[in-house]
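**Q** Residue strings, one per chain:
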Amino acid sequence: MSLETPRKIALRAYTHKPTVKSPGKHKVAKRLDEASPWTLVWDTETSTDPSQSLRVSFYQLRYAGTLKEEGAFYDPARLNDDDLAGLQAYCSARGLRLRKLAAFNAYVFIEYGYDLNATIVGFNLPFDISRIATHHGPARGSMRGGFSFQLCKSRHQPRVQVKHLSRRASLIQFSAPWKQETPRSMRKREIKVASTTGYFVDVKTFAAALLSSSHSLASLCEALDVPTRKAASEEHGGPLTETYLDYARDDVQATWECYAALMERYAQHELSTPAHRIISEASIGKAYLKDMGIEPLLACQEVPPAMFGRIMGTFYGGRAEVRLRRVVTEVIYTDFKSMYPTVNALMGLWRFVTAEGFAWQDATTQTREFVGDVSRADFQTPATWRELTTLVKIRPDGDVLPVRAKYDGKVNTIGLNHLTYEGGLWFTLADVIAARFLSGKTPEILEAIRFTPESPQKGMQSKHLFGNSNYRIDPNCDDAFTRLIDLRDEAKANKDPNQLAIKILANSTSYGIYIEVLRDNAPKPEPLNVFGPDGNCHEIQSTALEEPGKRFHPLLGTLITGAARLMLALAEAEAKAQGLGWVFCDTDSLALARPEGISREAFHAKARRVIDWFNPLNPYRKPGSILQMEDVNFAAHTRDLKPLYAFAISAKRYALFNLDAQGRPVIRKASAHGLGHLMAPYVEDDPAPGVPAPVSPLPQLGVNRWQYDLWYHIIRAALEGNPNHVPLDYHRALAQPAASRYGATSPDLLAWMRHYNRDQPYSAQVKPFGFMTSLTALPPSQRPMSEDVEADPNKRGRPKKQSNPKPIAPFEREPDKAAAQAFDRETGELVSVEVLQTYEDALVRYHLSPESKFENADYFDRGETVRRHVMANSVELIGKEANGVGEFGERVGGATKQQGVFAPPTS
Amino acid sequence: MKMNTPHTQAARLEQAYRRLGTRNPSCVICGESYAHALELHHIGEQAFHDDLAIVCRNCHRKLSDGQIDRRQLSSPDRRTETIGRYLLGLSDLFRLIANTLSSMARELLSDPESREAEE
Numbered sequence: 001m002s003l004e005t006p007r008k009i010a011l012r013a014y015t016h017k018p019t020v021k022s023p024g025k026h027k028v029a030k031r032l033d034e035a036s037p038w039t040l041v042w043d044t045e046t047s048t049d050p051s052q053s054l055r056v057s058f059y060q061l062r063y064a065g066t067l068k069e070e071g072a073f074y075d076p077a078r079l080n081d082d083d084l085a086g087l088q089a090y091c092s093a094r095g096l097r098l099r100k101l102a103a104f105n106a107y108v109f110i111e112y113g114y115d116l117n118a119t120i121v122g123f124n125l126p127f128d129i130s131r132i133a134t135h136h137g138p139a140r141g142s143m144r145g146g147f148s149f150q151l152c153k154s155r156h157q158p159r160v161q162v163k164h165l166s167r168r169a170s171l172i173q174f175s176a177p178w179k180q181e182t183p184r185s186m187r188k189r190e191i192k193v194a195s196t197t198g199y200f201v202d203v204k205t206f207a208a209a210l211l212s213s214s215h216s217l218a219s220l221c222e223a224l225d226v227p228t229r230k231a232a233s234e235e236h237g238g239p240l241t242e243t244y245l246d247y248a249r250d251d252v253q254a255t256w257e258c259y260a261a262l263m264e265r266y267a268q269h270e271l272s273t274p275a276h277r278i279i280s281e282a283s284i285g286k287a288y289l290k291d292m293g294i295e296p297l298l299a300c301q302e303v304p305p306a307m308f309g310r311i312m313g314t315f316y317g318g319r320a321e322v323r324l325r326r327v328v329t330e331v332i333y334t335d336f337k338s339m340y341p342t343v344n345a346l347m348g349l350w351r352f353v354t355a356e357g358f359a360w361q362d363a364t365t366q367t368r369e370f371v372g373d374v375s376r377a378d379f380q381t382p383a384t385w386r387e388l389t390t391l392v393k394i395r396p397d398g399d400v401l402p403v404r405a406k407y408d409g410k411v412n413t414i415g416l417n418h419l420t421y422e423g424g425l426w427f428t429l430a431d432v433i434a435a436r437f438l439s440g441k442t443p444e445i446l447e448a449i450r451f452t453p454e455s456p457q458k459g460m461q462s463k464h465l466f467g468n469s470n471y472r473i474d475p476n477c478d479d480a481f482t483r484l485i486d487l488r489d490e491a492k493a494n495k496d497p498n499q500l501a502i503k504i505l506a507n508s509t510s511y512g513i514y515i516e517v518l519r520d521n522a523p524k525p526e527p528l529n530v531f532g533p534d535g536n537c538h539e540i541q542s543t544a545l546e547e548p549g550k551r552f553h554p555l556l557g558t559l560i561t562g563a564a565r566l567m568l569a570l571a572e573a574e575a576k577a578q579g580l581g582w583v584f585c586d587t588d589s590l591a592l593a594r595p596e597g598i599s600r601e602a603f604h605a606k607a608r609r610v611i612d613w614f615n616p617l618n619p620y621r622k623p624g625s626i627l628q629m630e631d632v633n634f635a636a637h638t639r640d641l642k643p644l645y646a647f648a649i650s651a652k653r654y655a656l657f658n659l660d661a662q663g664r665p666v667i668r669k670a671s672a673h674g675l676g677h678l679m680a681p682y683v684e685d686d687p688a689p690g691v692p693a694p695v696s697p698l699p700q701l702g703v704n705r706w707q708y709d710l711w712y713h714i715i716r717a718a719l720e721g722n723p724n725h726v727p728l729d730y731h732r733a734l735a736q737p738a739a740s741r742y743g744a745t746s747p748d749l750l751a752w753m754r755h756y757n758r759d760q761p762y763s764a765q766v767k768p769f770g771f772m773t774s775l776t777a778l779p780p781s782q783r784p785m786s787e788d789v790e791a792d793p794n795k796r797g798r799p800k801k802q803s804n805p806k807p808i809a810p811f812e813r814e815p816d817k818a819a820a821q822a823f824d825r826e827t828g829e830l831v832s833v834e835v836l837q838t839y840e841d842a843l844v845r846y847h848l849s850p851e852s853k854f855e856n857a858d859y860f861d862r863g864e865t866v867r868r869h870v871m872a873n874s875v876e877l878i879g880k881e882a883n884g885v886g887e888f889g890e891r892v893g894g895a896t897k898q899q900g901v902f903a904p905p906t907s
Numbered sequence: 001m002k003m004n005t006p007h008t009q010a011a012r013l014e015q016a017y018r019r020l021g022t023r024n025p026s027c028v029i030c031g032e033s034y035a036h037a038l039e040l041h042h043i044g045e046q047a048f049h050d051d052l053a054i055v056c057r058n059c060h061r062k063l064s065d066g067q068i069d070r071r072q073l074s075s076p077d078r079r080t081e082t083i084g085r086y087l088l089g090l091s092d093l094f095r096l097i098a099n100t101l102s103s104m105a106r107e108l109l110s111d112p113e114s115r116e117a118e119e
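Chain order of the listed sequences is A and B.
Read in order, the letters of the first sequence are residues 1 to 907 in the working numbering.
Read in order, the letters of the second sequence are residues 1 to 119 in the working numbering.
In short, the hints are calculated from the structure, not lab data.
Hints should not be assumed to be uniformly reliable.
Claimed, not checked - Covered by chain A, according to a simulated footprint, are these stretches of chain B (three or more residues, beta-carbon under 8 Å):
hint, region
1, 29 to 37
2, 65 to 77
To be verified - Cut-off 25 Å, straight-line C-alpha distance, at most; resulting in silico cross-link-like pairs (DMTMM-like, lysine to aspartate or glutamate):
hint, chain 1, residue 1, chain 2, residue 2
3, A, K188, B, E81
4, A, K30, B, D50
5, A, K188, B, D69
6, A, K30, B, D92
7, A, K290, B, D51
8, A, K503, B, E45
9, A, K458, B, D51
10, A, K188, B, D92
11, A, K192, B, D77
12, A, K188, B, D65
13, A, K188, B, E107
14, A, K192, B, E107
15, A, K188, B, D50
16, A, K192, B, E45
17, A, K550, B, E45
18, A, K550, A, D33
19, A, K30, B, D69
20, A, K642, B, E81
21, A, K290, B, D50
22, A, K192, B, D65
23, B, K62, A, E190
24, A, K17, B, D69
25, A, K188, B, E32
Glycine residues also receive a C-beta, built at the ideal position from the N, C-alpha and C atoms.
Isolated chain A, as found in the complex (with noise of 0.2 Å):
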């Protein structure tokens, strides 16, 4: 491999804000947090040029769910004559109210939804605020980083802000608007009014932490059967007609329906928290701790800021490796059962979860006899487990151990490699043990803490889940990580329809909610305070400002994921044991590989063996092994073994498959990493010629359609022996240029437009939250050479390097359409469409993908990854990782998603 080992490596850090205390000890002001009964529920229609401008909307105003007034408004500026009159037609014979869209955004927006505290109900919320804004702005103080928008010239009105979290999830408020909200007698003795933030509820975000799934309005009207249903229209843009009126208007219906579906969903969960505060599933799982009565860690013990950068030093994410890349094998694919709360349960960290706090101790000669003694077998015993909430500080000595490097000199990924390192560093016990599982060879051991929970939580109570008394938790006395995944099994075998809320509890309340951290950017640097492994405090100026969430626990995030690491190491040495290697494993799964020379049945017979070993770990009712044989195994709709392939190229990116009685695969389950960023070549119903239609729904073998293809092509090349030459020819659309959709989700993502903003009015304008279509440019290299090149004989020396530009266009759906209007977002200067990179260029390397983290894995190597040996000698202090890295693994640019460097290296 060509590519230099790296010499320094990163570890996650501890940080907060000097000046502000932990989210957990805030004193929250006494807010009125419940909605009045009156709902407004809205939905815009919008131009179909790159502004996507308000054309119409329509509105509902309900009270106690009961339609008191439904009405249309419009932006005078937008609509012609006919339209209006059209529109005018419509309302007046069907009794609805017709208003322009300033005296709806006072008379209705404001005056329900602020003055009357009315619930603001919408599909789709950021879209559609911002289509009814006059103005928008940055927005300031705990919303930085999102956008302030005003709906009302007068400054005595609120402004609107709203803050991108996710594709799923936005902050929504309103800012406190500039009059006196305090009677005087209350200011005279010190009192405040908490100003209104409003009541938001985006179905959209609702649905999805209720459904754990994403869905479109179209989609969610399905999943919910409610009895409107989004219809599909073609006239966006066109005249106002009858039809495309009755649609809109139905849009406003569908999504109070589904709202009402939601709600009622909701209700069953009996939580305190109000619909309005739920944004995500992991929401869902705090207000059920919540009611339980489990106050969070920071709010119960003051942990010395040293000790959390301790355990946060040895935080890694899930292991995902390719151990046999680029070949064709068979395999067993397998996964862990509900791997965290599995793990959790195991050590029994739910008595860290309802404790007072925790305690801490030396306990290094333990750790040293435990780790000498200790064998692969003592880990059939769930017993065992509970002796790792241990941290380690070992003399790293080639030891197989997560190392957080940049392999490939940008960008820090996590592999498990051997380290070399003369300074003591910080490792879970789990990750101690792993190591010598997978070498032979006991790390040496320098200190080790032994970590155990305080007396449990006075005032915790017993929750029935959906107010059924069988689904009943009582924190005092059951393993809520087990409880829950019982109950799950429960619900599974009873065909109850609660199983998937059950579901969703567990995974939200079993790892996420612990090693959540905020992070904020600031415009100009700010003092933070850095706590690395070594205890030491560094006040450093930086834009990058993390803090912790408020369930924030991160010595169970660093236990749990550490302990997942150890089952797949034990699952993989048992494997070995066998005699079977592995293709690919992910988190928590695990494909087992055939190998050379030995029969089917036999392979068989030794993956069951595998599987097997971990039955006396199961600490669930249901008998039966955690490690599980996946469905893609079987034939359709049977339990028969069939013949299932693996073809992985690295980390995440593989796919599962059959053969058919040609020789053909028949894919079962890809991978979209590395491409779901990509905007779709073509649709479904024009695929890829002489590509066999999917044997299972598209979303189930998840990827899409082009997606599906380019794995079928990759995969035949592959069984017909040319692995590394895989033809992109196959359909026409791919030598179109490869586009990406960007949301314009913050200042700093919409500020790629200012070039095309700045000549046009602001209702032409590409608006926040509108879309983008982002193009790359080729590498000076691969462009065409431009004709008239002629030396400057006036210039001497070296020309200028030139930077690439970085293609941008108002969104359109074709790829095509986007690149004719390309141009370089910093400079503004137009982008010839024969420098932009064609999906060809995209994806001519995918099949190749090297893994930088491995010794032999580069662009044409195949087969067995070797480990690297990174010798270190130095260390540097990250923040979050997930911060540069978009959610299909592609780089993100843009000021927003960078990951923060806070400490330089050290020695």
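For this one, chain A is given, so just place chain B on it according to the hints.
**A** Chain B in isolation, oriented as in the chain A frame:
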């Protein structure tokens, strides 16, 4: 200036709910629930403690009166003084609640003598 709308009264009521921080406010002493007649009372005196209780204007005057009488009391230790004033504030509150309960009970038991005595 904003025009009067049919919702002015409802908006005022919502404002009162926001001021009191609840949609179901009532005086902890007498049970008065007319939101515009309700206020927030510092149990342990404004200068010493932030805990608040919702009380009606009448009861608020009665409670504040007791606090005015205690102005001259003090302690060299701020923490002790805070605790002392908080406890006295609570005792005022409980005394008034006890009076209300007592009069309600006598009402139920038709005890005219006691009522006259109280009057």
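**Q** With reference to the structure, classify each hint as holding or not holding.
**A** Against the structure, the hints come out as follows:
no. : hint            : verdict
1   : 29 to 37        : violated (count 0)
2   : 65 to 77        : violated (count 0)
3   : A:K188 - B:E81  : 22 Å, holds
4   : A:K30 - B:D50   : 11 Å, holds
5   : A:K188 - B:D69  : 19 Å, holds
6   : A:K30 - B:D92   : 23 Å, holds
7   : A:K290 - B:D51  : 22 Å, holds
8   : A:K503 - B:E45  : 49 Å, violated
9   : A:K458 - B:D51  : 22 Å, holds
10  : A:K188 - B:D92  : 22 Å, holds
11  : A:K192 - B:D77  : 28 Å, violated
12  : A:K188 - B:D65  : 17 Å, holds
13  : A:K188 - B:E107 : 38 Å, violated
14  : A:K192 - B:E107 : 39 Å, violated
15  : A:K188 - B:D50  : 14 Å, holds
16  : A:K192 - B:E45  : 16 Å, holds
17  : A:K550 - B:E45  : 31 Å, violated
18  : A:K550 - A:D33  : 18 Å, holds
19  : A:K30 - B:D69   : 29 Å, violated
20  : A:K642 - B:E81  : 79 Å, violated
21  : A:K290 - B:D50  : 24 Å, holds
22  : A:K192 - B:D65  : 23 Å, holds
23  : B:K62 - A:E190  : 20 Å, holds
24  : A:K17 - B:D69   : 44 Å, violated
25  : A:K188 - B:E32  : 23 Å, holds
Violated hints, in rising order: 1, 2, 8, 11, 13, 14, 17, 19, 20 and 24; the structure is consistent with all others.
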